[in-house]
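These protein sequences, in sequence, are chains R and F. Heads up, the first sequence is in UniProt numbering, so the first residue is 1 and it goes up one at a time. Heads up, the second sequence is in UniProt numbering, so the first residue is 1 and it goes up one at a time.
Check before you lean on any hint, since a few could be wrong.
No distinction is drawn between identical chains; accordingly, a pair holds when it is met within one copy or between any pair of copies.
[Stated by the list, open to error] Simulated pairs of lysine to any residue, SDA-like, Cα-Cα distance not exceeding 25 Å:
| id | residue 1 | residue 2 |
| --- | --- | --- |
| 1 | K248 | G109 |
| 2 | K54 | S276 |
| 3 | K248 | L81 |
| 4 | K48 | S17 |
| 5 | K54 | F278 |
| 6 | K54 | G82 |
| 7 | K48 | L301 |
| 8 | K243 | G109 |
| 9 | K48 | D18 |
| 10 | K48 | N88 |
| 11 | K162 | L172 |
| 12 | K243 | L296 |
| 13 | K243 | R141 |
No lab work stands behind these hints, which were simulated from the structure alone.
2 protein chains.
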Amino acid sequence: MNFTLNILGTASALPTSDRYSSAHVLDVHGRLFLIDCGEGTQMQMRRKGISFLKVDTVCLSHIHGDHIFGIFGLLSTMGMLGRTSVLNVFAPPAFRPVLDFFLNTFGEGLRFSIDMHELSCEAPEVVFQTRTIEVLSFPLRHRIETYGFIVREKEPPFNVRKDCIGKYGLSLSEIGALKRGEDVVRSSGGTTEVIPVSEAAYKPYVPRSYAYCSDTAPFPELAGWVRGVDMLYHEATYPAEMKDMAVKTFHSTTEDAAECALKAGAGRLLIGHYSSRFTDLSPFLEQAASIFPDTLLAHELDTIEIPLKKTEIW
Amino acid sequence: MNFTLNILGTASALPTSDRYSSAHVLDVHGRLFLIDCGEGTQMQMRRKGISFLKVDTVCLSHIHGDHIFGIFGLLSTMGMLGRTSVLNVFAPPAFRPVLDFFLNTFGEGLRFSIDMHELSCEAPEVVFQTRTIEVLSFPLRHRIETYGFIVREKEPPFNVRKDCIGKYGLSLSEIGALKRGEDVVRSSGGTTEVIPVSEAAYKPYVPRSYAYCSDTAPFPELAGWVRGVDMLYHEATYPAEMKDMAVKTFHSTTEDAAECALKAGAGRLLIGHYSSRFTDLSPFLEQAASIFPDTLLAHELDTIEIPLKKTEIW
Numbered sequence: 001m002n003f004t005l006n007i008l009g010t011a012s013a014l015p016t017s018d019r020y021s022s023a024h025v026l027d028v029h030g031r032l033f034l035i036d037c038g039e040g041t042q043m044q045m046r047r048k049g050i051s052f053l054k055v056d057t058v059c060l061s062h063i064h065g066d067h068i069f070g071i072f073g074l075l076s077t078m079g080m081l082g083r084t085s086v087l088n089v090f091a092p093p094a095f096r097p098v099l100d101f102f103l104n105t106f107g108e109g110l111r112f113s114i115d116m117h118e119l120s121c122e123a124p125e126v127v128f129q130t131r132t133i134e135v136l137s138f139p140l141r142h143r144i145e146t147y148g149f150i151v152r153e154k155e156p157p158f159n160v161r162k163d164c165i166g167k168y169g170l171s172l173s174e175i176g177a178l179k180r181g182e183d184v185v186r187s188s189g190g191t192t193e194v195i196p197v198s199e200a201a202y203k204p205y206v207p208r209s210y211a212y213c214s215d216t217a218p219f220p221e222l223a224g225w226v227r228g229v230d231m232l233y234h235e236a237t238y239p240a241e242m243k244d245m246a247v248k249t250f251h252s253t254t255e256d257a258a259e260c261a262l263k264a265g266a267g268r269l270l271i272g273h274y275s276s277r278f279t280d281l282s283p284f285l286e287q288a289a290s291i292f293p294d295t296l297l298a299h300e301l302d303t304i305e306i307p308l309k310k311t312e313i314w
Numbered sequence: 001m002n003f004t005l006n007i008l009g010t011a012s013a014l015p016t017s018d019r020y021s022s023a024h025v026l027d028v029h030g031r032l033f034l035i036d037c038g039e040g041t042q043m044q045m046r047r048k049g050i051s052f053l054k055v056d057t058v059c060l061s062h063i064h065g066d067h068i069f070g071i072f073g074l075l076s077t078m079g080m081l082g083r084t085s086v087l088n089v090f091a092p093p094a095f096r097p098v099l100d101f102f103l104n105t106f107g108e109g110l111r112f113s114i115d116m117h118e119l120s121c122e123a124p125e126v127v128f129q130t131r132t133i134e135v136l137s138f139p140l141r142h143r144i145e146t147y148g149f150i151v152r153e154k155e156p157p158f159n160v161r162k163d164c165i166g167k168y169g170l171s172l173s174e175i176g177a178l179k180r181g182e183d184v185v186r187s188s189g190g191t192t193e194v195i196p197v198s199e200a201a202y203k204p205y206v207p208r209s210y211a212y213c214s215d216t217a218p219f220p221e222l223a224g225w226v227r228g229v230d231m232l233y234h235e236a237t238y239p240a241e242m243k244d245m246a247v248k249t250f251h252s253t254t255e256d257a258a259e260c261a262l263k264a265g266a267g268r269l270l271i272g273h274y275s276s277r278f279t280d281l282s283p284f285l286e287q288a289a290s291i292f293p294d295t296l297l298a299h300e301l302d303t304i305e306i307p308l309k310k311t312e313i314w
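In isolation and in its complexed conformation, chain R is listed as follows:
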């Protein structure tokens, strides 16, 4: 039941000798979500030992080169490694001709299909789900059409307390009701017995969540959209003193990111997408942490676990 974020790239538009372009791989229960795919993503995946074939969902925020120029090499490599399973790609509509160009020019011999889903929403909406996981997209505010993503565990079904099964002699249909979160109601001879779900069942864990917000200018709705996520990744291209530049380029500062985390009540804030002007990132951390103490700097090849939040069996 892992929920593990792998950071592959933290650069903004210009990569440096030690910062790669944007890419995160989130591993939820062994299912890999690649979020953005800047140049060099496939090499960083190799360095982290991440299987190309286990990635079945790619989320692309926008078609600026530093977020997508690794996709050509990655798709080619998946093909050469013999991938046959479908790859889901969630991206703005503008990525469609990019993908078509790739397939027409370089796609010969690929034996897997790519199912591209064009993002289009004005507020968070579910774009992908499995039995236990869901992905939402929501619009960001950048120079071109851009989307953020939330990947989260779904609310798990109730587990029935083993001791209650014997104690109440629960039938299969009663156990089913409890799993669905319904109280058990027994009527017999004019009397009614209620076995409340709160006594006989429990949630095995609290769903975990991760939000990805890059690239964006700050805007009022965002904090509400990512409210309560365990890990908020929010770009912080510039330090606070470069607010003018951030406004001009539709990016965020350290303070913008931290204020969003604070308003959202996020568990932790992870910042990245650093301007190549800066080699020392300690001011980025200081500025953000002065507003939102639980801030982390993203670094290439970092792994961040979000531990399972097991509930107590009361």
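Here the structure of chain R is known, so what remains is to put chain F in place on it, guided by the hints.
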């Protein structure tokens, strides 16, 4: 008067965690030639401290992804760094729609023009020259249209020996003749005096040359086309025992590369484009060196100087 090869990538189709896709930067007299541009080239250039703006000529051998997928990021970065000077690109005609796609989709704001020259030849021909350098292309034998390149110093003009100027009282026009390689002939009163160029002038250096042959199956003409180069880069995707695979994929083995170097009378042989199957490259070196002893293995970020070959003033 440097002639310096920088190796940026040595992988074949699949990059590994420590091998990048194909790219060489040759620095001849301070002019930078980028030869192939696999994914990650711009990051490798940063690591080597190679200026993006000093590259004015890009030679692309063919449009397989591992030789060109770094060009999008590199061109974008050149644009963001404010490049205004024209960039020459020499590539097979199939690269034209790739470039057009890039410019149409990602080229907004680029303030430099790209002068693409479509390669088309059946034997070596000069495709680019300056006063002191020339670049030749020649066809290779691969699964798609592919070209190799020779970059070499031109034959320098003669220098006139200073002691001869006084000794013979050479006039300006006589000095000009000697520089062109002509003997000085003085006729006066029925007598003729000859001052031979071999006595009064000398070549300041012997031209240096580098050939790039990737990707290719071996073929008989190639050794003749790269005859006498100081440094022959020849792909060696496979060890000798994988000859069948090399034939099938239109690649070369270590022995193919070494035999080409031997027949060509190359100064040194540099091999690369290693199959990702192999982490230990010592068998590659042993096999090639058993045929052509002066063989080098290409490694990421290696720098290889070809020293100036000054002639003795006799």
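These are the hints, each one checked on the structure:
Within a single copy, K248 and G109 get their C-alpha atoms only as close as 44 Å, which misses the 25 Å cut-off; across copies the closest is 15 Å, which meets it. Taking the shortest Cα distances, K54 and S276 sit within 25 Å of each other only across copies (20 Å), while inside one copy they are farther apart (32 Å). Within a single copy, K248 and L81 get their C-alpha atoms only as close as 43 Å, which misses the 25 Å cut-off; across copies the closest is 18 Å, which meets it. Taking CA atoms no more than 25 Å apart as the test, K48 paired with S17 passes in both settings, with 18 Å inside one copy and 9 Å between copies.
Taking CA atoms no more than 25 Å apart as the test, K54 paired with F278 passes between copies only; the shortest distance there is 23 Å, against 35 Å inside one copy. With identical chains, the CA atoms of K54 and G82 are at most 25 Å apart within one copy only, with a shortest distance of 12 Å there and 40 Å across copies. In this assembly of identical chains, the alpha carbons of K48 and L301 lie at most 25 Å apart whether taken from the same copy (7 Å) or from different copies (22 Å). Proximity of K243 to G109 under the C-alpha cut-off of 25 Å is restricted to the inter-copy arrangement: shortest distance 23 Å between copies versus 48 Å within a copy.
In the homo-oligomer, the alpha carbons of K48 and D18 lie at most 25 Å apart both inside one protomer (15 Å) and across protomers (12 Å), since each shortest distance falls under that limit. Only within a single protomer do K48 and N88 lie at most 25 Å apart by alpha-carbon distance; the minimum there is 22 Å, versus 37 Å between protomers. For the homomeric pair K162 and L172, the shortest alpha-carbon distance inside one copy (13 Å) is at most 25 Å, but the shortest distance between copies (109 Å) is not. Only within a single protomer do K243 and L296 lie at most 25 Å apart by alpha-carbon distance; the minimum there is 21 Å, versus 51 Å between protomers.
Taking the shortest alpha-carbon separations for K243 and R141, only the intra-copy value of 16 Å comes in at or below 25 Å, while the best inter-copy value is 55 Å.
When each numbered hint is compared with the structure, no violation occurs for any of them.
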